[in-house]
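Construct all of the structure, not just a fragment, from the sequences and the given hints.
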Amino acid sequence: MTHASEQDLVLYFYGDAPKPSVLERHLAECKECAAEFAQLRATLSAIDYPVPERPADYETQLWSTLRPRLEQSEAPKRSAWAALLQPRRWAIAGALAAIIVVAFLAGRVSGPKQPSPTQVVSKQTPSGKDRVLMVAVGDHLDRTEMILVELANTRAEGKVDISAERDFAQTLVNENRLYRQTAQRDKDPEIANVLDQVERVLIDIAHHPDSVSGKELEELQQRIESQGVLFKVRVIESKVKARSRAESAQKKSVGDSRL
Amino acid sequence: MELTDRAAVDEVLAGKHDSFRVLVDRHGRKVFGLAYRMTGNEHDADEVVQETFLRCYKRLDSFEARSTFSTWLYRIASNCALDLLAKRKQDKAHIVESDARDDDSNPEERTLDYASPHPGPERMLLSSELRQRVADAMKRLTDVERTAFVLRHFEGRSIAEIGSVLKVREEAVKNTIFRAVKKMRTELEPLITPGVMRGGAR
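So the sequence lines, in the order shown, correspond to chains A and B. Quick note on this note's numbering: the first sequence kicks off at 1 and runs consecutively. Quick note on this note's numbering: the second sequence kicks off at 1 and runs consecutively.
No lab work stands behind these hints: they were computed from the structure. No experiment lies behind these values; they were computed from the predicted model shown.
Some chain B residues close to chain A (C-beta under 10 Å, calculated; not the full set):
1) Val12
2) Ala45
3) Asp46
4) Lys58
5) Arg59
6) Asp61
7) Ser62
8) Leu84
9) Asp143
10) Gly156
11) Phe178
12) Ile192
Over 10 Å on every C-beta distance to chain B, these chain A residues come out as not near it, computed from the model:
13) Cys30
14) Met146
15) Ala152
16) Ala183
17) Arg185
18) Asp188
19) Glu190
20) Asp196
21) Ala206
22) His207
23) Ile224
24) Glu225
25) Val229
26) Lys241
27) Ala242
C-beta: ideal position from N, C-alpha, C; glycine also.
Written out as structure tokens, the structure reads:
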């Protein structure tokens, strides 16, 4: 073989060489490389950076300073965020949302055989299923807003861990897709458009690694900001919520009038 | 029987919060060692240890079977150390800006305060000059180079693990370690010849 490169020798020293036996054979034959490796090994072996001894009761001290701080922070799994971000719970929430949407779509396809009292009284107001969907979309937008606000307010410096937001976005992407498709089928272009934009932003977030550099985060923040997604989410969210409120009020008054 | 890391995590998540102590007792010193080598001083290392366990506790529910607890904890610790180094750099930059007239030292030189490691019996082999040179050379590495070098050279972490800490591919980790080694060699080689350690300066 030709002479070993410095990088080959460094990899070999740390046991990371892809073909150590080939290099070993070469080092046995080539005096030049052997000398170079001897020098490298001597230097690297001499590099020590001793850690100062910790006292015998280090662990006790550490725990006594740590414990009050842990108590101040919310206990894992009990905190609202932790519960929200927990993948298993999300799987259940996602499944529930899917069931709601499927039930809603099934209802649309089969269609009510008999007009319900609500529809008789007010043909203009959407059915109860619509209301359920509006509430679900409202909740979804709530969570989306939370993650966008969280990201927008994260200081872009050094390495920023966005793994929690990233995982959260991944879950929201699937949910969002369902709602967007429903809104499109439902001929609700206003909601469908916003959900379409939201989806692109969520996919963008979901494709990021666990942590990003300050610059990458800044770029992501700028992309979110330039599209005005957060604003649009807020507007549509308040409309959706107003609609679901109006519908439940309508239903209530219908119910009252029937008493 | 001693609680395994995973069992301790499960207990904490089930509401038995004091079981977290098992993890602190078992890993505290190792995290301190890593933090000390990355930050270069005890004060910052202590801060990194606290922050690491705090972050770990808060995110305990996101710990999954993907890795061992210690690998996961090392990842958090390395990121906490990187965050602190970035913060220190920013703090120093502000100080340098505000009293530039009073201070003519190079801000880069002041970004890391690498203390000379305390002498101990096992360190008598190293000349004090060499120790100081190692500290100086470590100071000249970039944060990422230092992280990769500390994790490979001192902590014996695998290339793949380091890749997961730095969020880069294995090839990039190898290149980073190589760059770090090259810089360390440039600083230290004049003091060292194979088999013999020269006491004098270059």
